Amino acid sequence: MASLDAVVKQVVSKYKNDKTRLMDIITDVQSELGCVSDEAVSQIAKLLDCSKVDVEGVITFYHFFTKTPRGKYTVYLNNSAVANMKGRAAIAKAFEDAVGCSFGRTTSDGIIGLYDTSCIGMNDQEPAAIINGIVFTNLTQDKVKEIVAGMKAGKDVKDLVKEYGDGANQSDLIRAMVKNNIMRKGPVLFAPYDQGSAIKAALSKKPEDVIEEVKIANLRGRGGAGFPTGMKWEFCRKAEGAKHYVICNADEGEPGTFKDRVILTELPHMLFEGMAIAGYAVGANEGIIYLRAEYLYLKKYLEKVLEDLRAKNILGKNIAGKGFDFDIRIQMGAGAYVCGEESALIESAEGKRGEPRNRPPFPVQKGYLGYPTTVNNVETLCCAVRIMLEGGEWFAKMGTAQSKGTKLLSVSGDCQNPGIYEVEFGTTVNTLLEMVGGRNAKAVQVGGPSGTCIGKKDFGRRICFDDLATGGSIIIIGPDRDLFEIVHNFMDFFVEESCGWCVPCRAGNVILKQKLEKIMSGKASTKDIQELEDWCKIVKATSRCGLGQTSPNPIYTTIQNFREMYEAKVKKDTDYVSTFDLLAAVEESCKAAGRIPKVEEH
Amino acid sequence: MSTINFTIDGKSCKAKPGQTIVEAAKDNGIYIPTLCHFEGLKPAGTCRICTVKVGGRNMAACTTPVTEGMVVENKTADLEDYRKAIIEMLFVEGNHMCPTCEKSGNCELQALGYRYLMMAPRFPFLFPKRTLDASLPKIVIERNRCVQCLRCVRGVTTADGKRIFGVVNRGGHVEITVDKDLTATMTDEMAQKAMDLCPVGAILKKEVGFAIPIGKRKFDSKPIGSEIEKA
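Same order as they appear, the protein sequences are chains A and B. Quick note: to get this note's numbering, add 532 to the position in the first sequence (first position is 1). Quick note: to get this note's numbering, add 9 to the position in the second sequence (first position is 1).
The following block holds chain B by itself, in its conformation from the complex (with noise of 0.2 Å):
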């Protein structure tokens, strides 16, 4: 099939058969902020900060396919709005400490704030009461700064396809555990790829820390997104 003619905030765009919004937009120098989406994974749509207004309703971008003659709202002042509000709520909910972690400088959430310029969350903190797992021998998992954007889930498999993360328990009581007998099969390389996957801090590899020095950082000196606003 040709291209899909659709617009951006009044901007002409074109994208590909079977893009979603968020990958289209890319294409054509559009940020759109995500933080559960991570490219090659099954967009899961958990975090909803890349919702977009299309046809009056509001969508998450990175699940939704463009169609022909769509016409998507992504930068107005309500969903810049509603995106901060999200983002001020993972922080509320988990217990994020910036500078003791080591994924500082490397973490999306982090990034995001900076970007949406949150000086302090609206909300009130919960101060959750949330448990470290430290016994596993690859990995550690921090789950006070776990955001349950479930790209470890989507991402990390046994060589036979079995999930080592999954979800248990609902509502704010969700959290990211493992299945301890697969973690024991995790080589270095699986390790390291789960901490990348993790846009925060909550998934680091044993016996390496701060690998790359502070100030050499993905986000140090450019915010989050503005590779794709250049391009």
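Isolated chain A, as found in the complex (with noise of 0.2 Å):
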């Protein structure tokens, strides 16, 4: 192996040098050497004339980076609360019993580590797990010895894949197990069309007329947010700047939402052909695509449809011979669910953490180094083509009044067929629930845990911005399910993905988490509840971005839509119950002195 400081000085200078790389130069150090340890920190810090901390904060600031070994082999098992519905406690127990260590740690060999990580983007075939990069679907505790039994044999992962889902996913550049899913067509994103003729209707009218189709579609942001598409890029437009840029948000991180990844695996043409015409638009010759670091399997097949659409020359210079020069390349995250959050995701393509920017300025003024820059999700990006050649009006004519078009939603949990479905805006939940075979539901959590959980009285509502927005994940939560633990395990997720920049959401989550747990052990009162409710509301008036703003969501809904169950598990006779515990507290010493204690005396 290549000495550390020939690694790390072959890496950086393959960066240039380049500080706002420092994502791509921390993933090829770690790639190479394992792990990103002191010596690699300074190194970097050396070559790249910054300080250590610069370096260091970002290392600990991912989930995927590490400063110490994680083993040759590393598995990253999902811990959603829908991968525990699909009996991930089992097959954790699986790998720990075959590997023969605990989550959260490497083997004294160094060859395998076992880790959690937060939703992965395949809850419709849970329980899953990336190892080394690569996904692992629908495991079985058989699987599990399988893949254990390989690794522990010195196999290269992809060969560990035995089986392999459909569409793309089965071309030499994907060969990944993972299945689409797709449940739904409709005539948005899954309608046909011609590569590339979208462009050349967007570059036959002047960049204002594209942004006014746009407008009157009434395209609203696909993320959740339901920002207007049109007024985002007349902004980005209007704005002075030496250049401007385009961002494609491939970060889906919210627990549930998995559509994006459909998108880039049947749809990466449309959706590179969308980020072109948002160019024309904006008046951008350079996009990037931010895409998630658990969807690493997709970035050889992306590079290559890249490649295609420069050949028919959909991107490049000189586009369909209008003079138009675009392309874009492909930045990689490494696991922080906050960098969905557009200006957060700007500052990790700026190779840094990814904590939100304050506004303003907005991204549209000052966004990447600098520059005006629109970010656009996924699937706002493919609308737009469908919008370029079918025009806003014929857009406009579906939805509701305040959400034109269709929306891909992902729809998992306890459904009989979990997938993705394009539906009209403005879908009721009971129409949904049909569509699925989710009837029996109890609750249904639209938009995510960040959104809002549902129950049977409110399944009339209409899935649109107008009343229940969603970017795109359903889970369904049927009538066995403990309500709490799917909380619970919401609540762990906002803790462990805060970026920690302001009180509110990093303390605020904290406390909330554990005053849940406080009512869930039966030790609490009326009072707790009322307390737990106001306590929401402070965190989310106060916080920075969204996810302080919208993390107390699932304790918050769940008290408005469920508040029985909380009722149920609180004393209501009381204004105080005791949370000490003097049996624990005696415990130890009682031990050591052999004594039995004598707590009906107290």
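Read the hints as simulated data drawn from the structure, not as lab findings. Since this is a predicted model, take the numbers as computed values, not measurements. Warning: the hint list may mix true and false statements.
Stated by the list, open to error - Quick list of the computed label-pair ranges, beta carbon to beta carbon:
(1) B:H182 with A:L901: 25 to 31 Å
(2) A:V1109 with B:H182: 29 to 35 Å
(3) B:K215 with A:Q542: 36 to 42 Å
(4) A:N845 with B:T196: 56 to 62 Å
(5) B:V80 with A:Q542: 53 to 59 Å
(6) A:W926 with B:D18: 25 to 31 Å
(7) B:L135 with A:K988: 49 to 55 Å
(8) A:M763 with B:C107: 49 to 55 Å
(9) B:T196 with A:P601: 36 to 42 Å
(10) A:S535 with B:C107: 49 to 55 Å
(11) A:T1111 with B:K189: 57 to 63 Å
(12) A:N845 with B:T16: 53 to 59 Å
Stated by the list, open to error - List of simulated lysine-lysine pairs, DSS-like, C-alpha gap at most 25 Å:
(13) A:K884 with B:K171
(14) B:K202 with B:K189
(15) B:K138 with A:K599
(16) A:K1069 with B:K62
(17) A:K1072 with B:K62
(18) B:K20 with A:K599
Said to hold, decoys possible - Computed list of chain A residues with no C-beta within reach of chain B, every gap over 12 Å:
(19) G728
(20) N750
(21) A928
(22) I1128
Heads up, the beta-carbon is just placed ideally off N, CA and C, and yes, glycines get one too.
Assembling the complex is the task here: the two chains are given apart, and the hints tell you how they should meet.
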């Protein structure tokens, strides 16, 4: 193996000593050396002429970066709520038994590491894990035994994949066992089209008219926040800057969403064409797709699609002979949910900790490297392609007053047919439950943990920005589930994924989770429910970015919609329940003294 | 450009172009509590104590510039309770033992606790395990008291602009750390600056202690913010 110094030097020079490429530098150094040790941190800082804390800050921010070795094979087993519903506990135990170490550790010989990870975008085929970048889905105890045996025998991880999914998952460049599970195709995303026809249609108009068409369509961002895309493009176009950028946000991290994964697998050409259209509209010649680390397995394939599009002159110089240049590079993430927030994503793409920025200025004014930048969701950019082909009016005929077009939903949990569904905005939860085979649900989590948890009385509500907004995640919770466990899992997720910048999110989520645990343990009074609800409001009102403004929602919306569940857990006739456990407190000393405590006397 | 007119809690105020709400409020004799804010440093908006309501939305007053006709709500019951809650969160999130702290009386967190009449935090203490670093030549870092305001990160750099302080980890595990090689180049003045920037007792200059006697410290006789309100 090459020396540490030589590896670091070679990697840093590959990225031309550019500090804004620190994400890639750390990724490459780690893939060569297994981790980024203190010594490597020093070397990177020296070569980039920056402080060591700048490098260390970035490494310790991202889930998949590490300063200590995590094994020749590193298993990241998803611990999202749906994974738990689908039997994750037994799979985790199977791994521990077969490997011989517990989760959060690496075997003493340094061969296999077992680690938890947040939702990896495979909710329709859980339990699932990522091993050295390769995805393993629908895990069973037998599969685990086989995988571990393979790792112990020193096999290449990709040779442990024994089955392949459908569609492009079978292509030579992906070869993944991931399934698309496309259950319902709609007219916007999944109708066929000729590659290149949309960018040609766009280039035949003035950029302002492209924006106008998107405005007529009333297209709103498909990531969840729903900002009008035409307006965003217009702001970006009008903002002054020597350059402009288009960034595609392919960091879908909301537990339960996986729609972008399917678009990236089956419709990447459509997505990249949409980025070119956005580029033309805002006056950008460069685009970046920020791809979440969990989708690393798609990177080679996406690079090939980019090459093909360049060969077809849908990307590159003088596109379609119209004098417009546009190209795209892929920026890998490294595991941080908060990077789905557009300004955090930009910070990350600039090689920094993925901490959201203060606004103003907004990214459309000062975004990537300080230039005006439009950040759009994967699905939004695909919608723009269809709008160029069919027109804004055609698009605006579908949907509701505030939400036009169709929405791609990722459905998982307790239903017969998990997968993705392209439905018209305004579809009711009831209709959707019928469609997916989940009629007996007791609750539906709309919009992922940061969205809303609704009960039966609200199943007549509609999925759209006017009513129940969602970036695409729909988790169906069956009648036998303990909703507390799901809420607790979601709070765990937010505690883990908070960037830690602002007080209410950093401390508040921990406090909320502990209070929830107090109620779950049965050692709470009615007052605790009220306090918990009040504290949720404080965190929501004072947090800096969308993460903290919505992270109390699992608790907050279940208190609103399932209050009886909380009330059943607390002692109603008292204002105060002691959480002090005398037996536990004296256990150790009693053991030492050989005494049996007489608690009933106290 | 000319003066910007805006209101805080109904009172007509004037601001200079580019001023943030906190700065402009100060010039108009109105105190908006801050902790992570430090004049001259780029605002970070980490503590959120300065949260105000503008156009029905909660915003950090330290990072939001004033615009013409802006209507700011500052001293409402809701906002004052949020602020108190944030101060309480900071007390439970760290391990603060005011009586033994060198910064007592000069500590902005403590002063805010007094100003907001915090008797006991409403939240249970989290008692985190935090570390102390006394190995550095000029300063001691006492992380039990750190409020992650990032004032040291933003304000202390080497002559060639490298950051001496930085942040590692994320979420509740965030902590301040230093580039040990660069701290070796710290002068006494830089160490003093780091200590002065720190609103609490997390950064202390070595080999000097209790230079200002108790009773003569910043907040010993007047509450924090009174210097602005009297103006």
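Results for each hint:
no., hint, in the structure
1, B:H182 with A:L901: 25 to 31 Å, "holds, 29 Å"
2, A:V1109 with B:H182: 29 to 35 Å, "holds, 30 Å"
3, B:K215 with A:Q542: 36 to 42 Å, "holds, 41 Å"
4, A:N845 with B:T196: 56 to 62 Å, "holds, 60 Å"
5, B:V80 with A:Q542: 53 to 59 Å, "holds, 58 Å"
6, A:W926 with B:D18: 25 to 31 Å, "violated, 50 Å"
7, B:L135 with A:K988: 49 to 55 Å, "violated, 37 Å"
8, A:M763 with B:C107: 49 to 55 Å, "holds, 50 Å"
9, B:T196 with A:P601: 36 to 42 Å, "holds, 39 Å"
10, A:S535 with B:C107: 49 to 55 Å, "holds, 51 Å"
11, A:T1111 with B:K189: 57 to 63 Å, "violated, 41 Å"
12, A:N845 with B:T16: 53 to 59 Å, "holds, 57 Å"
13, A:K884 with B:K171, "holds, 15 Å"
14, B:K202 with B:K189, "holds, 17 Å"
15, B:K138 with A:K599, "holds, 21 Å"
16, A:K1069 with B:K62, "holds, 15 Å"
17, A:K1072 with B:K62, "holds, 14 Å"
18, B:K20 with A:K599, "violated, 54 Å"
19, G728, "holds, 42 Å"
20, N750, "holds, 23 Å"
21, A928, "holds, 28 Å"
22, I1128, "holds, 29 Å"
The structure fails hints 6, 7, 11 and 18 (numbered hints given earlier, in ascending order).
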